[in-house]
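Visitor: Residue strings, one per chain:
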Amino acid sequence: MAAERKLTVDAAEEVMDIQMGPSHPATHGTIKFNLELDGEEVLACDTEVGYLHRGFEKMIEQGTWTQAIPYTDRLNYVSPLINNVGFSIAVERLCDIEVPPRCQYIRVIMSEISRITDHLTCLGMAASEIGALTVGFLTNEARELLWDIIEAVTGARVTVSYTRIGGVTNDLPPDFGDRVAVAFKHLNALVDDCDKLITRNRIFYDRMSGIGIMSREDAISHGLTGPLLRATGVEYDVRKAHPYSGYENFDFDIPLGERGDNYDRFLVRFNEIEQSLRIINQALDNLPDGPVRIDDARYVLPEKHEVYNSIEGLMNHFKLIMEGAKVPAGEVYQAVEGANGEVGFFIVSDGSGRPYRCRVRPPCFLGMAAFGDMIRGHMVADIISTFGMINMIGGECDR
Amino acid sequence: MSPDDLLSRVRELAGDLVVESNTNLGDPTIVIQRDGALGLFRTLRGEADLDFDMLTDVTAVDYLGRSPRFEIVYQLNSIGKNHRLRVKIRVPEDDVRVHTLSGIWKSANWLEREAWDMLGVRFDGHPDLRRILLYEEFVGHPLRKDYPVDKRQPLTEERDPVVQDWKF
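These protein sequence lines map, in sequence, to chains A and B. Take 25 as the starting number for the first sequence in our numbering and just add one per residue. Take 702 as the starting number for the second sequence in our numbering and just add one per residue.
Incorrect hints may have been included.
Said to hold, decoys possible - Okay, the calculated beta carbon distance ranges per label pair: (1) B/Met702 / A/Asp120: 37 to 45 Å; (2) A/Lys209 / B/Asp847: 54 to 62 Å; (3) A/Asp195 / B/Leu856: 45 to 53 Å; (4) A/Glu330 / B/Glu748: 49 to 57 Å.
To be verified - Now the stretches of chain B that chain A is said to cover, found in silico as 3 or more residues with beta-carbon under 8 Å: (5) 756 to 762; (6) 782 to 790; (7) 802 to 809.
What the hints assert, rightly or not - Cβ-to-Cβ under 8 Å is the rule here; a few derived chain A residues that face chain B: (8) Arg226; (9) Ile244; (10) Ala265; (11) Pro267; (12) Gly368; (13) Val372; (14) Phe389; (15) Leu390; (16) Asp422.
Honestly, the hints are just simulated from the structure, not real lab data. By construction, the Cβ of each residue, glycine as well, lies at the ideal position given by its N, Cα and C atoms.
Throw the hints in and build the complete structure from the sequences for me.
Guide: See the structure below:
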């Protein structure tokens, strides 16, 4: 660091050390930037994360496999359903479980709804932090429509805990299709308004374009995935590259950028909303009938009437709650496409009722690792828009 | 390339570095020796038909009571060729160190810092091996199996919220 400073700064000039954060009004998340500034220009940025570290991986080792699912809600709490799905699929691969087709479709629908809420949050926050406050209000209104749907299905808005090993907790409500149709109509109108307000807005474009550029090679080497990687033009999406939960049955495009700057990241996220809507509509049109979880007493809790009226049901219930499902020994790495990129679960089971080790590969942790390279040479004010487009979610980054 | 083909190609390149390998659950996995691992990682990155251009994850697993105790786990991904590989290195309890990969993949920098912070794995040659999620004053490595889950290390003195000297 010291050698680099000598190259870029005249010895007569004074370099200013500024600490930005950990609680800064324009960064939505607790994070600290240790900046070296030459006037307004950022010479170096050392990013400190970890303010929201709650020991996620340690806590998961303490409970049963099912008790880990509520913890996964608290990773990326803007799109908790995707984490639920990822963890469940990983455990199901260890158990060699194939979930029913209806369950796969429901998981796809709920993941895509979550992806839209995440992108809306990211876009609205980033826009309002650089001054377009109206967009923030519009996206929050649109997000509220989707959270109402999520609440109707799961019973909660954010802490959903919707999936289980071998299925989901409950089927979709009977009026789900109508609710979605109404919500999407309003959503489309709101997203259109946002599009008109900022996409071709001169001030917004100047704040975003050419800022935080990262080349393809650097992005891959930094381990960036999701919108950050696709903005550089690399066509990598876990849903297409390593399909899970039946994503190979859906027809959707991967929006790509060209230059890898903040404006491309913004456009990739914006266009992904449209693609997610396409996937949800296809899934609703072809939604298969049938059960939403497997029928296997080793992993799935029995129905309540069996618990109260039969000795087998009561015993199964007791064993599953007290000892947990016995997941066969082994290890697996399962990646799903989160809203911010590849969310990976590396799970080791020793055959007991508790996870031996559960490692989460957080996409925005690696985004923050690349932040110093993205912002070098730009202005202090550009930190806000670049940070907004990385969309760091504290729960996922710090775990 | 199917997982089995990929694994036999990697075994061929690794030569006598290989300790064991498998494709359980469809994930090609190879366990290699620590000495010479850096050269193999460079080969995996450089070979045109393998082209592992992304280091997706670095972590470690603590098998307390087993010898060697620690297993360092690397997840490699090839964006161009669309395949994955898991590489593992086993290290003993009294010498928990491997060479850093931050010269090959940039993502190794923070991922290795986290493995050091959480599990106490030393990465030789790492440019900046500081704690990352925890604070510098923290003692120990919490994801080790012998770290008690209910241990607290507060930075400021803890107060009992019930018994305190109220002054109005």
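Visitor: Take the hints in turn and mark each one as holding or not.
Guide: Against the structure, the hints come out as follows:
Between B/Met702 and A/Asp120 the Cβ separation comes to about 24 Å, which falls outside the hinted range of 37 to 45 Å. A hinted range of 54 to 62 Å holds for the C-beta pair A/Lys209 and B/Asp847, which are about 57 Å apart. For the pair A/Asp195 and B/Leu856, the supplied restraint of 45 to 53 Å holds, since their beta-carbon distance comes to about 48 Å. Between A/Glu330 and B/Glu748 the C-beta distance comes to about 56 Å, which sits within the given range of 49 to 57 Å.
For the segment 756 to 762 of chain B, the assignment as covered by chain A holds, since 5 residues bring a beta-carbon within under 8 Å of that chain's beta-carbons and 3 suffice. Check on the segment 782 to 790 of chain B: 3 of its residues sit with their Cβ under 8 Å from a Cβ of chain A, so the three-residue criterion for coverage holds. Given a C-beta distance limit of less than 8 Å, the hint that chain A covers the segment 802 to 809 of chain B holds, as 3 residues qualify and 3 suffice. Annotation: A/Arg226 was flagged as interfacial toward chain B, and the flag is violated, the nearest CB pair being 35 Å apart, outside 8 Å.
With a least beta-carbon distance of about 5 Å to chain B, the hint placing A/Ile244 at the interface is held under the 8 Å criterion. Nearest Cβ of chain B to the Cβ of A/Ala265: about 5 Å, under the 8 Å cut. The hint holds. A hinted interface residue such as A/Pro267 counts as satisfied when its beta carbon comes closer than 8 Å to some beta carbon of chain B; here the least separation is about 11 Å, so the hint is violated. The beta carbon of A/Gly368 is positioned within 8 Å of a beta carbon in chain B (closest approach about 6 Å), and the interface hint is therefore held.
At a threshold of 8 Å, the smallest CB-CB gap from A/Val372 to chain B is about 6 Å, leaving the interface hint in force. Using the Cβ-Cβ criterion of 8 Å, the hint placing A/Phe389 at the interface with chain B is satisfied: the shortest such distance is roughly 7 Å. About 6 Å separates the beta-carbon of A/Leu390 from the nearest beta-carbon of chain B, less than 8 Å, and the hint is met. Nearest Cβ of chain B to the Cβ of A/Asp422: about 6 Å, under the 8 Å cut. The hint holds.
Of the numbered hints stated above, those contradicted by the structure are hints 1, 8, 11, listed in ascending order.
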